[in-house]
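Colleague: Chains as they are written, first to last, in the UniProt record's numbering: chain A, 1 to 284; chain B, 1 to 284; chain C, 1 to 284; chain D, 1 to 284.
Simulated from the structure, these hints should not be mistaken for laboratory data.
Errors might be hidden in some of the hints.
[Unchecked claim] Computed spacing ranges between beta-carbons, pair by pair:
(1) B:147 / D:80: 49 to 59 Å
(2) D:229 / A:156: 50 to 60 Å
(3) B:96 / C:55: 34 to 44 Å
(4) C:114 / A:239: 23 to 33 Å
(5) B:278 / A:158: 17 to 27 Å
(6) C:144 / B:96: 40 to 50 Å
(7) A:86 / D:202: 33 to 43 Å
(8) B:58 / A:156: 18 to 28 Å
(9) C:144 / A:183: 51 to 61 Å
(10) D:202 / C:211: 57 to 67 Å
(11) A:238 / C:277: 19 to 29 Å
(12) A:173 / C:150: 52 to 62 Å
The structure presented is a predicted model; accordingly, all values stated were derived computationally and were not measured.
Ideal Cβ positions, reconstructed from N, Cα and C, are used throughout, including at glycine.
There are 4 protein chains.
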Amino acid sequence: MQKITLLINCPDRKGIVTTITQFILEKQGNIVYLDQHVDRQESTFFMRIETEFDQPEFSISSFEKKFAERFETDYQLTYQLFDALHKPRLALFVSKYDHCLYDLLGRNASGELQVEIPLIISNHPDLEIVAKRFDIPFKYIPVTKGTKAEAEAEQIKTIKEHNIDLIILARYMQIISDDFVSKFKHQIINIHHSFLPAFIGAKPYHAAFERGVKIIGATSHYVTADLDEGPIIEQEIVRVSHVHSVQDFILKGRDLEKVVLARAIKAHIEHKVLVFGNKTVIFS
Amino acid sequence: MQKITLLINCPDRKGIVTTITQFILEKQGNIVYLDQHVDRQESTFFMRIETEFDQPEFSISSFEKKFAERFETDYQLTYQLFDALHKPRLALFVSKYDHCLYDLLGRNASGELQVEIPLIISNHPDLEIVAKRFDIPFKYIPVTKGTKAEAEAEQIKTIKEHNIDLIILARYMQIISDDFVSKFKHQIINIHHSFLPAFIGAKPYHAAFERGVKIIGATSHYVTADLDEGPIIEQEIVRVSHVHSVQDFILKGRDLEKVVLARAIKAHIEHKVLVFGNKTVIFS
Amino acid sequence: MQKITLLINCPDRKGIVTTITQFILEKQGNIVYLDQHVDRQESTFFMRIETEFDQPEFSISSFEKKFAERFETDYQLTYQLFDALHKPRLALFVSKYDHCLYDLLGRNASGELQVEIPLIISNHPDLEIVAKRFDIPFKYIPVTKGTKAEAEAEQIKTIKEHNIDLIILARYMQIISDDFVSKFKHQIINIHHSFLPAFIGAKPYHAAFERGVKIIGATSHYVTADLDEGPIIEQEIVRVSHVHSVQDFILKGRDLEKVVLARAIKAHIEHKVLVFGNKTVIFS
Amino acid sequence: MQKITLLINCPDRKGIVTTITQFILEKQGNIVYLDQHVDRQESTFFMRIETEFDQPEFSISSFEKKFAERFETDYQLTYQLFDALHKPRLALFVSKYDHCLYDLLGRNASGELQVEIPLIISNHPDLEIVAKRFDIPFKYIPVTKGTKAEAEAEQIKTIKEHNIDLIILARYMQIISDDFVSKFKHQIINIHHSFLPAFIGAKPYHAAFERGVKIIGATSHYVTADLDEGPIIEQEIVRVSHVHSVQDFILKGRDLEKVVLARAIKAHIEHKVLVFGNKTVIFS
């Protein structure tokens, strides 16, 4: 059996659900799950379909070709089609903070995330010990002002060699160049340690402390050319009070960061995130 | 234009989404919103459809007849069909606590709830002043052990006279008889002041205080013959700590009760709640 | 019996708790509750004390005089002393949104807030009906660009006449002048319909919708000369998703605004809020 | 410098804060933090004090002796006195679920928990690999019905040998005997995978799914002779809906369990938990 997941968006029109589901039935697909959404303001239709095909001769690429022919032009439809049986390959980018790294590796070891993690890249050597504990190749690529371009070139080369599907900035403390970002559109997920758009930029916990907020947050988003401005995938918050120091904010925030990043990765790898403009539709 | 909302459940089968949406298109319906869910464990298909019909000659009852003919037997399909333009008529049952009553009347006055509230019934005269403030008829029907059957008969008679669609137990402190409940299946919504199934029965805040929980909750559910055991529609919680007395629990709980009850009513009147067994599917 | 509540802050020093509590004991006060906090970073000591005095001859002003003499200079101590039996008098400022108004009046009618509300001021006549329902004087003071100074003069005059202790901007849609603010330092509480500091300014729900956040919030804060920048008293959040329109954000936000504003008022009137710099200490 | 933390409770009486703080000052202690609470219903006074002593000749045991002499009888005072510089030694009990184990070991490796973890005990050999990754001795002690007493004897022996201060049941799937529990009063922390007291006993996620709740939770508590009935330290919740299967509940619950258990451990090792009756006071 083969399984595909389709993410679709197009201008809304009468009968669109029927037309698409009928197309899949004609191709002998079994619709296992369907989730749709209409953005009334934008008159845009969104759909996620999980389909199974039992026939031995079924070819994903051939199905995709026919699907595109039928809908792309006539329905001004944009789609993404995923082989749902492919296990995504992740590269983790880290610097010195290890909590998100431990968390993701622990989850993967537990079988909670269905991914391959063949590569950890860092601009510092500190976390090699964590990589070793989980038997994952650790690539130390230092980044300085002068060597940033070369470092990114090496990062990209390494990523390509490992057939990476998704890059996770797991508290990676370097800004990624526009050029790098443009090569991995909606394939880089960052965890920002604030409730965006509050406290954009560096040291958000310190800024939150200064402002005297009663709730702090963390935000996972796709990385775009504009720092901390990419489409938000997930956010979570926790209460703080005057008894908490900046250090307490940071400690409490660690748990937020871990959970929010893991949820965002999970949604992405299950093909439940559709980016539209600078926003996301998160299917259930 | 006419609008109907359909709630559907049936054994899951291939092509069911297509078949039903196609039926509606054939009847010249415009599907404005569709939300579906498959319960894999029970192999059951659930769907909610909002449809608009523009043709002047369209008749809801005639559509319903055809829909039933086509699907009820062949698909073992259960459906509820609502005239989406009908404004639901609510009867509020209260006793002495006024916070949910004030909240619901305030919301309705604000235009937040799109309902008629032609009737408040109480077993105590205390809250007549609240009803008066909002110019709503207040019916005082005392209930004692000996007169319960008569009191319920009068309640039912009054409800029928006012063409009530939905009964809200807004902290009504009397147990409703099985006989009464059976007359209004899934048409009575209660707010229970605990995080069910914890602290079933009377004085849940006192019980929560005794147990030393760190979080308290409120639960809105349909009333069934089994006390506090009906299908849950909505729940919400708030943190408490050792600094809070039972009185604090009660005060904090009031805000929970108001919000949870209002959300449950909103979901029900928008026909987003489908009861299946003793559980609810809440469509988005 | 007389009851006073003291809010104190001063540079931290050894033995400060003992010294102050001993002073109160010497004056035959019974310390009913004591809550203290040390801000290590600022080396500042904060304390809230509830005290009861049984002796018939006890005079609050005389006690205050002695307390000030003993501590103000020697300990560089700042204090606020409240007669805990005085029922605070609130003026509610509103415009056209009625949900916070209904909520506060309902709470007060329920006995949930222990305050007097002798005055509602509005720059629009629309909500007079709500005031009438709860038998509260409603003062319509229109505000236009040209008449703002006069309008504020009239507002201030009315507030003085009614011996108001606390002004609540219950979705009052006018910016208060610096001059007005300076007359009621930390006596004006506003509810802002965003999770500050995100979405400062007008139309925060629209801005949140545009940004595609997954959580929205509301913030209650003291009004200062800088718009939306005053010390935060309370915040709360609720989840949103792609299925929610701006209208849904607004509706969900209403419940946040009501709860957050009510909590902030409650904390203030129980003298649990101590403003320090641009932050608040909220005692338990 | 030496540091001690005191947890105190006694019948409430006038001047108690002053008396105790004065005693500490006399002994040249510097009170770094003081948090007190009065349970009015029980007329009981609770206090937590962090104190530093600079004098070289200071002896904790001598201080404790004097403190006990002064207060135990006269004030019917119960106290716990901790050397705040002692690093607690934890034994982790596990079975087959590894998520809490990975989480705690990751936290400790990150320096987030200030503890020693010299011992992992399991009734299954499966998680030895996790222990190895973090270089922690793993003791496999199988438990069967017939060998339970012996197994517990061996567990206790091992615990004593390692000078364990706190036992963590990190999803340990065996019931501990009353005899074992009595040997480690308030020194065993369990994580229960439900929002207690809802869903006591086995398979709480399945029970929650059957009941159709909209929120699930996790609870960390001290283990007592009554299963799942011990004093609650911390609880947390997460929303679920009809789209979630039992498997989803279990997955979502893992994150709750990890966070709740970690918070409970942190509160305990910082001596912020005072057990009183079957409830806890959690100091800030």
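Colleague: If a hint holds in the structure, say so; if it does not, say that too.
Modeller: Hints, verified against the model:
The given range of 49 to 59 Å is respected by residue 147 of chain B and residue 80 of chain D, whose C-beta atoms sit roughly 58 Å from each other. Look at residue 229 of chain D against residue 156 of chain A: about 57 Å separates their beta carbons, and that is inside 50 to 60 Å. One distance hint, 34 to 44 Å for the beta-carbon pair residue 96 of chain B and residue 55 of chain C, holds here, with the actual separation near 39 Å. The hinted range of 23 to 33 Å is satisfied by residue 114 of chain C and residue 239 of chain A, whose Cβ atoms lie roughly 25 Å apart.
The hint said 17 to 27 Å for the Cβ distance between residue 278 of chain B and residue 158 of chain A, and at roughly 54 Å that hint is violated. Evaluation of the 40 to 50 Å hint for residue 144 of chain C and residue 96 of chain B yields a pass: the beta carbon distance comes to about 47 Å. Separation of residue 86 of chain A from residue 202 of chain D is about 37 Å and conforms to the stated range, judged on CB atoms against 33 to 43 Å. Taken as a hint, the range 18 to 28 Å is violated for the pair residue 58 of chain B and residue 156 of chain A, whose Cβ atoms sit roughly 60 Å apart.
The hinted window of 51 to 61 Å between residue 144 of chain C and residue 183 of chain A holds, with their beta carbons roughly 56 Å apart. In this structure the hint that residue 202 of chain D and residue 211 of chain C lie 57 to 67 Å apart at CB is violated, the actual value being about 45 Å. Checked against the given bound of 19 to 29 Å, the beta carbons of residue 238 of chain A and residue 277 of chain C, roughly 23 Å apart, stay inside it. The given range of 52 to 62 Å is respected by residue 173 of chain A and residue 150 of chain C, whose C-beta atoms sit roughly 55 Å from each other.
Of the hints listed earlier, those the structure fails to meet are numbers 5, 8 and 10, in rising order.
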